[in-house]
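As you go down the protein sequences, you meet chains A and B in turn.
Per the working numbering, the very first residue in the first sequence carries number 519; after that it's consecutive.
Per the working numbering, the very first residue in the second sequence carries number 519; after that it's consecutive.
Please note that the accuracy of each hint is not assured.
A pair counts as met if it fits within one copy or between any two copies, since identical chains are not told apart.
Claimed, not checked - In silico DSSO-like cross-links for lysine-lysine, where the CA-CA straight-line distance does not exceed 27 Å:
# : residue 1 : residue 2
1 : LYS558    : LYS819
2 : LYS653    : LYS643
3 : LYS633    : LYS643
4 : LYS558    : LYS653
5 : LYS643    : LYS600
6 : LYS795    : LYS643
7 : LYS795    : LYS682
8 : LYS795    : LYS653
Keep in mind that the hints were calculated from the coordinates and are not lab data.
There are 2 protein chains.
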Amino acid sequence: MRKFLSGLALSILAIPSLAAENRLATPNDIVEAAPATDWKAIAPADLMVMDLAPDVKGKPRRVVIQLIPAPFSQGWTQNIRKLVAARWFDGIAVVRVQDNYVVQWGDPDGETPGKAKPLPGGLTKVPESEYITAKAALKANGGSDAYAGRTGFEAGWPVAGDEKAAWPTHCYGMVGVGRNLSPDTGTGAELYTVIGQAPRQLDRNIAVVGRIISGMELLSSLPRGTGPLGFYETPQERTPIVSVRMGNEVPGLPAYEYLSTESTSFAAYLDKRANRKDDFYIQPAGGVDICNASVPIRVAKK
Amino acid sequence: MRKFLSGLALSILAIPSLAAENRLATPNDIVEAAPATDWKAIAPADLMVMDLAPDVKGKPRRVVIQLIPAPFSQGWTQNIRKLVAARWFDGIAVVRVQDNYVVQWGDPDGETPGKAKPLPGGLTKVPESEYITAKAALKANGGSDAYAGRTGFEAGWPVAGDEKAAWPTHCYGMVGVGRNLSPDTGTGAELYTVIGQAPRQLDRNIAVVGRIISGMELLSSLPRGTGPLGFYETPQERTPIVSVRMGNEVPGLPAYEYLSTESTSFAAYLDKRANRKDDFYIQPAGGVDICNASVPIRVAKK
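Next comes chain A alone, as it looks inside the complex (with noise of 0.2 Å):
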C-alpha cells in the first residue's frame, strides 16, 4: 500500500485552523474537518448492541457491533439476526481470550454433547464459498499487500481481492465467525473478535461478519486465558453477556456515522496516514497496512 494517492491536489489538506497554528495536519484534523456530507449514518438496525455483566465496580459495559453489509457474508449475518431475534446470545459468556489473536464469545457447554445451548430453527448452513464474493471492480485504492493483489476500503470497510474475487479483512476490531474444521463454517452462534496484529492468514478461511465500533476496551483489556488456545480453564473467569440486541431495538442509542471512504476526506485521512510528517514525525513512512487506517467512527454530531 505504498504511495497510493501521489496526485492528491494538496488544497483538501488545507485547513484554515491549522494554517493560524503554523502547524501541519494530524490524520485527526482531516478527520475533524470533514464536511458533514462525507459522513454515512450507521442504521441502528445493523448494529448488535451487547451488554456484558457489569465490572467489578458495578460499572456497565456495553459494546456495539456493526454488522458487514452486503455483498459480504450475508448468509452469517441473517443467521445472526435469528440469533439476537432469539434471545439466544443472552446468557452466554466470553470464553477464550488469547493475547494478540482474539476475544471469543458462545455457548461455553457448545462442545459438550446434551449441554449444549439450542439453537434457533431456521439457521442456513453457508457454504466455504461464500468467504469471498465475485467483484471483478474491487477499487484497489490501497494497492497491494503480502496477502491479497489488491487491497482497499469500500463503503466504509477494508478490502481485499484479485482479480476476480473480494473478501473482507482481519483486522483489530473485526469480528468473526468460530467455526469445526472444514466444511463447518460455523452458524454465527459463536463469535470473535480480533485483538492484535491482524491475523490475515484466516481471511477466505473465516467468515467476517463486522467489527467492533464502541467498547472494544472492553474486550481486549479482559485476562488472558491460560488453558490451551487461552480459554478460561474455569467458569468464574468468565465473562457473562446478559443480552444483545439489535441497535433498533435499543432506547437511547447514539447515532454513529462513519467516514465516507469515497470522500475525498477519506482520500486525504488515508494519505496523511501514510504520509506523517506533522511535529511528531520526521520520516514519514511513505504508506499504510490497510489495517494500519482504521475507518473513523464515531457519535454522530447533533
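Please build the complex by placing chain B on the supplied structure of chain A, with the hints as guidance.
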C-alpha cells in the same frame, strides 16, 4: 512478503510423528521439531526483568524484556543499562494504556518541573540519525511491504530497510523509547510496548530498543486509560513498577532461547506461516506480514 520461499525443499517439513497421525504440519509443529542446534541462547545480561506490583489477588507480575543487539539503537540501550544500574526504574509506573496502540511506563511526574525524578549522570543524548543503521547487506528474506523496500529477519529480530539502511520494526510486543517533539530522541527512561496492529509509521521516528519475551499479557490486558492518548487520569489507576533488574542479577531466572532466523527450521516456519494448509485452513494466504510471524522464543529445554 509474498511467496518468499517458493523453492523450499519439502524434506525439511517432513516430521515423522505427523506422518503417523496423517495430518499436515502447523507452524508450531515445525518449531517443536527444530533441532537443538537451531536454537540460540539469549544472554541473561541482555534481559531486563521488570516486576510490577502484584495483582489484586496478590499474584506476582513479572515482565521480561530482551534488549536489541548491535548494530541497532545502542545509544539508547546503553542508557537503559545505566538506568537499571542506578535503580532508576524502581518505583515508577505504567502511566498510559491506549487501545490498539501502546502501554507506556515512566516517571508519572516526569513533565512536572521540580517534581521529576532526577536522571542518573552519564546518559547519552542520542541523535536522530541512530534510528537507522547503515547496512547494505539487509537480507530481505521477507520481501517488501507498505513501509519498506526490504523486510526480513536477522539475528532473531524483524528488520526493515532499503538499499542503504536498516531499522527495527514496530511489531506487537516490541519496546520503544518515548520522547518529546523532534529533535528530542528520548533517553530511555520512558518506554512503551506495542499492543495492537503494528504502528509501523513509528519506524525511523522512534528508537526500538527491545521486545517483551515473557509476561506480555500482563501489560496488554491492563485497563485502558481514559485521558487523552490513553493516559490514566488518576494515580490510583497506574500500575506500580517495583523493580527492574538485568537478567544476570536475578537468581533463578529461566534461560531463554530463540529460533535462529538463519536456520532451515525458521525458513520452514516462515513458509508455513505464509502458506497454512493444515486441518483448519482451506485457503493458504501465500504470504505473511513481517509482524505476523513472531520469532519463536521459549524457556530453554534442559
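Structure-based check of each hint:
1. LYS558 to LYS819: For LYS558 and LYS819, only the intra-copy Cα distance (12 Å) is at most 27 Å; the inter-copy one is 56 Å.
2. LYS653 to LYS643: For LYS653 and LYS643, only the intra-copy Cα distance (23 Å) is at most 27 Å; the inter-copy one is 54 Å.
3. LYS633 to LYS643: Answer is within; shortest intra-copy Cα gap is 22 Å, inter-copy 63 Å.
4. LYS558 to LYS653: Answer is within: at 23 Å inside a copy they meet the 27 Å cutoff, but 47 Å across does not.
5. LYS643 to LYS600: Within one copy, since 13 Å is at most 27 Å while 61 Å is not.
6. LYS795 to LYS643: between (49 Å within a copy, 23 Å between copies)
7. LYS795 to LYS682: between (37 Å within a copy, 22 Å between copies)
8. LYS795 to LYS653: between (36 Å within a copy, 25 Å between copies)
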